[in-house]
Every structure is written in C-alpha cells, then in structure tokens.
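Protein chains in written order, with this note's numbering: chain G, 92 to 368; chain F, 92 to 368.
Treat the hints loosely; a few may be bogus.
If chains are identical, the list can't say which one is meant, so a pair holds when it fits in one copy or spans any two.
What the hints assert, rightly or not - 27 angstroms max Cα-Cα, derived DSSO-like pairs, lysine-lysine:
#	residue 1	residue 2
1	Lys-237	Lys-95
2	Lys-321	Lys-108
3	Lys-192	Lys-242
4	Lys-281	Lys-142
5	Lys-292	Lys-108
6	Lys-360	Lys-142
In short, the hints are calculated from the structure, not lab data. Small disclaimer: the values here were computed from a predicted structure and weren't measured.
2 protein chains.
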Amino acid sequence: MANKDPLMITDKDEMRKWSRSMRAQGKTIGLVPTMGYLHEGHLSLIQESHKQTHLTVVSIYINPGQFSPTEDLSTYPSDLLGDIQKLKSVPGGVDVVFNPKNLYDYGNNDNGCGVGLDQEGGKVVSCVETGGMGHETWVRVERLEKDLCGKSRPVFFRGVATIVTKLFNIVEPDVAVFGKKDYQQWRIIKRMVRDLDFGIKVIGTELARDDDGLAKSSRNARLSPDDRQKALSISKSLFKAKFAAENGQNDCQELRNAVIQAIHEAGGKIDYAEVRL
Amino acid sequence: MANKDPLMITDKDEMRKWSRSMRAQGKTIGLVPTMGYLHEGHLSLIQESHKQTHLTVVSIYINPGQFSPTEDLSTYPSDLLGDIQKLKSVPGGVDVVFNPKNLYDYGNNDNGCGVGLDQEGGKVVSCVETGGMGHETWVRVERLEKDLCGKSRPVFFRGVATIVTKLFNIVEPDVAVFGKKDYQQWRIIKRMVRDLDFGIKVIGTELARDDDGLAKSSRNARLSPDDRQKALSISKSLFKAKFAAENGQNDCQELRNAVIQAIHEAGGKIDYAEVRL
Numbered sequence: 092m093a094n095k096d097p098l099m100i101t102d103k104d105e106m107r108k109w110s111r112s113m114r115a116q117g118k119t120i121g122l123v124p125t126m127g128y129l130h131e132g133h134l135s136l137i138q139e140s141h142k143q144t145h146l147t148v149v150s151i152y153i154n155p156g157q158f159s160p161t162e163d164l165s166t167y168p169s170d171l172l173g174d175i176q177k178l179k180s181v182p183g184g185v186d187v188v189f190n191p192k193n194l195y196d197y198g199n200n201d202n203g204c205g206v207g208l209d210q211e212g213g214k215v216v217s218c219v220e221t222g223g224m225g226h227e228t229w230v231r232v233e234r235l236e237k238d239l240c241g242k243s244r245p246v247f248f249r250g251v252a253t254i255v256t257k258l259f260n261i262v263e264p265d266v267a268v269f270g271k272k273d274y275q276q277w278r279i280i281k282r283m284v285r286d287l288d289f290g291i292k293v294i295g296t297e298l299a300r301d302d303d304g305l306a307k308s309s310r311n312a313r314l315s316p317d318d319r320q321k322a323l324s325i326s327k328s329l330f331k332a333k334f335a336a337e338n339g340q341n342d343c344q345e346l347r348n349a350v351i352q353a354i355h356e357a358g359g360k361i362d363y364a365e366v367r368l
Numbered sequence: 092m093a094n095k096d097p098l099m100i101t102d103k104d105e106m107r108k109w110s111r112s113m114r115a116q117g118k119t120i121g122l123v124p125t126m127g128y129l130h131e132g133h134l135s136l137i138q139e140s141h142k143q144t145h146l147t148v149v150s151i152y153i154n155p156g157q158f159s160p161t162e163d164l165s166t167y168p169s170d171l172l173g174d175i176q177k178l179k180s181v182p183g184g185v186d187v188v189f190n191p192k193n194l195y196d197y198g199n200n201d202n203g204c205g206v207g208l209d210q211e212g213g214k215v216v217s218c219v220e221t222g223g224m225g226h227e228t229w230v231r232v233e234r235l236e237k238d239l240c241g242k243s244r245p246v247f248f249r250g251v252a253t254i255v256t257k258l259f260n261i262v263e264p265d266v267a268v269f270g271k272k273d274y275q276q277w278r279i280i281k282r283m284v285r286d287l288d289f290g291i292k293v294i295g296t297e298l299a300r301d302d303d304g305l306a307k308s309s310r311n312a313r314l315s316p317d318d319r320q321k322a323l324s325i326s327k328s329l330f331k332a333k334f335a336a337e338n339g340q341n342d343c344q345e346l347r348n349a350v351i352q353a354i355h356e357a358g359g360k361i362d363y364a365e366v367r368l
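One chain only, chain G, in its complex shape:
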C-alpha cells in the first residue's frame, strides 16, 4: 500500500523554513536521522516518530564527518529511489525527506585561516578534513566517545555528535528518534542533548532483527550468504550470554570469553567484546 509522496528537500534553508512554518501552525515535528539504504529498523523509528508528533522528517545523508579516510565512505550503500518507496510503505508515510548534498560546503573558499592559522594547525582525521571543506567545529562528548567503538573508530562519535547537532539546528524538531542498535551512539546523543541543552526530546527504539536473529542494518544487508551465517555468531553468542547471566552466571570475564570464543570459531575478527552495567 503506497502512502503519500514525501516532500523532497535538499536545501538547508528551505528545510528550516518548512519546519518553522509548520511550527507556527502549531504542528510538532519528529526527526529520524539516517544514512539511507533503509531497512525495517529505520521504518520502526518512523512509526515511533508518528506516535510522538504531527509530522515526520527523515534525513538521508551519508556523513563524511564520521568516516576516517581509511573507512568505507566511498562504498557505503545507497538507494534513494528504493528508500522513498520504502518510506511510502510505512503507514502514514513521511512528510519530508531531507536529502542534502553536502552539509560541510559553506559556499565559499574561506577555510578558517582568517586569523592566520594554517592548515597544519588542525588535526586531519575525517573525510571532512581531508576533503578540504574548511569545516572546523566539532562536538565532542569527551568521556563516552573514547571507549568501546570509539577505540577502533576514533573520529566516529565526534562526527555523529556534530552531524546530529547540525541536523537539529537545520530541522529544529521537537522529537528525534534513534535506534538502540547503536547503543553507544544512543547514549552519546542523549548525553549531548542534556549537556548542550537542546530543547528536543530524544527517543530510543529497540533494535529490529531478521527472523534468524541478525540485526537489521544497512551494512548487514550486503553480507554474502556465507558471511551472513558467520555473522549470526554475534547475536547467538550474545543471546546465550544474556540467558546465562539471567540464570546466575555473574562472572563477567567468563561471559565475555564465551562470546569472544564463539565469534572467533565462526571466523570473526573482534574489535571488542565488553560487559557493561
């Protein structure tokens, strides 16, 4: 069943203008930030937004600020037309798809050296810096960004916090919805909203899984059947650990080792496995 066509907006001033005109009419706005290549996990975020607000904006933007030059920015999957079809399949559809071209292009060549700082003064770490876009302001959630995924992806959470701040300032939503699949990200966004006093309610939704237990994910959608089978070792071993913990196993080291062993045996390379309270 196809619902209404979303309004497509690519310009940030037009986006803000739309939001302000809607708010002036007493409408509340929900934002679902995505990098596209949508799956059922995203669609559940949209349904949550529908419950919270009159209107829903879905942003589709692959953020170069959260990729280091050695990561998969250039091969990150995208399918805008497919995404729009999926958005139309959600009951109620969505009101706006915000699909900007480049949120770090400020339309001039002023690269921030105005008071005499040269390029060498800044750290070159994400695809934004290496792209020479002149952007130099970053939001850092200094403790939560360091550990877990932050260890192997040092620019990631800085880039996420910054692009979410930008999207909040452009869309000016009342509510924003994130998936708890990316649990550390979820905690970082919550902390950032508290610490920077954003007037925005942040909602987290549980992760969606395929029938075999694999988390729904844009990257997981591209796994070969063989790799997919191996990847199941992650959810299987985590569920096993959860069951063990619920039934009295309170040795974190043993829980952790069992997960590591199961993933290793399936041929996986592990960035980290940690038990956190």
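We have chain G already, so just place chain F on it with the hints.
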C-alpha cells in the same frame, strides 16, 4: 530615565517557554550573552539588538566552563542589582534578564560513567570538570581556538563555544549580539554558527572605549588608578601602530616590536602581540 523592569528568569525551561511563546506570537528575539558587571560596551550591544529584533534577552552568567582552576572565576566581579539598574537605563530597557544559577547542574548524580568510563577517562581542565558536575560535551572550533588568546588560556574558547551553544539552545533567539572587543571570540562564534548550522544571525559591534582610550571591560573597571594608567599603553601603542600602518609602515615585525616595547616600558607583562591580516 528608568525604563521597564525586565522579567527575571533563572530556570532554563521557563526561559525556553517564554521564547517559544513570543515566537508563536510572531515576535523576534535578540540575545546579548554577558557575564554581568555591565558597562557601556554591553549597553551598546543591547541597543544593537533593539535595532534588529522586537524583544531582547540579556543573559548574565559567569561561565565556569571557560575558566581554568587557576584563573579568576572566584574573584570575577558581579553586581546583579547594579546591572539591572543599568539595563533599565538603556532606551527601551530589556525584556528578559536570564540569570541561571548553574547551567552545568543536570539535577542528578549521573556523572557520565554509565558505560564504564571512569573520571580518569576525561580531561580535567576547566572549573566544570574540577567541580565534578558530570558535564562532558564540548564544542571545539579546532583551528581558531588554538592561537592568540587560546595559547595562554587553553580552556577558554572551548568553554565560550559551549556556553554560547547552550544559551542558543535555551533562549532560541533569532539574533545574537557580541562585541568585537573580544575579536578572536567573535570570529570563533561566527565560525561555530556557520559550521553547526545554527539558524541564528550573529551581529558584532565595535568596542566601546573610555575617553582616555581604555577599552570598556568588566575587568578593566577594577584597575587601580596607577594600573589603569599603565594599561593605557595597550590602546596607545595599538593606535600608534594603526597610524603607522596606514601611513606606509608595512613591516609587521617592526609594528609588533613597537607595541611590545611600549607595553613593556609601561611595566606590562605580555601574553602575545601579533599582527594578523
């Protein structure tokens, strides 16, 4: 001539509620962020705000996030009642004085260690960290914050960018007015607003000086007559350098050395003197 009494607001939710209700009535809002102990420089910012918007909010908040533990947070001058009298003396007065108690107190003891990071994981650098307030999100304008004043005050611009972000998110103004006396700060705020896509117009006003040429400043107001005389070497030598440059002196090193020499001779200790284009 006394103008209207400003509405006094100390609670951030009440502040945002006021702004939203005014905006819903079609009013535009100007924000003048200050640390209090107001002087004519501040009052000129308010007059600029009056030109730009229907309503003006003046925030008075001494921001611990921009002081290192060795700086003058505890002795920074304040005089709220005197400030309110001065605000009433401005033609048109002001609409709101936002005077929060502690913008880093989030009303709980959650210090950000939720995913197992301990206090040691974070850098302890400003009075916010040493105060144990649990705040951990900072806005960094990574290149512009490093040089000039940033060299001798490493936490300063991080603290300024962060508190301005917080005030923007609480007050949600259409326009914000800053003095160009703090020129590096002015450039940093402009860059931050661009890079984080705030929907706020930032206005800079020229600095105000006393008749003898000394910049109007809360800290300068506390100089002894003797120190005040010495401090005049700063403006005098800068005016002299300006005059020399306008009359053909294009050797930056000579311009700089003349300023340094004049301030030294008056007994001043110099953090930096730089010529920037």
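So, going through the hints one by one against the coordinates:
1. Lys-237 with Lys-95: Answer is neither: 42 angstroms inside a copy and 50 angstroms across each miss the 27 angstroms cutoff.
2. Lys-321 with Lys-108: So Lys-321 and Lys-108 fail the 27 angstroms test inside a copy (47 angstroms) and across (52 angstroms) alike.
3. Lys-192 with Lys-242: Result: close neither inside a copy nor across copies, 30 angstroms intra and 36 angstroms inter.
4. Lys-281 with Lys-142: Answer is within; shortest intra-copy Cα gap is 20 angstroms, inter-copy 37 angstroms.
5. Lys-292 with Lys-108: For Lys-292 and Lys-108, the Cα distance is within 27 angstroms both inside one copy (21 angstroms) and across copies (15 angstroms).
6. Lys-360 with Lys-142: neither (39 angstroms within a copy, 62 angstroms between copies)
In summary, the numbered hints that this structure violates are 1, 2, 3 and 6.
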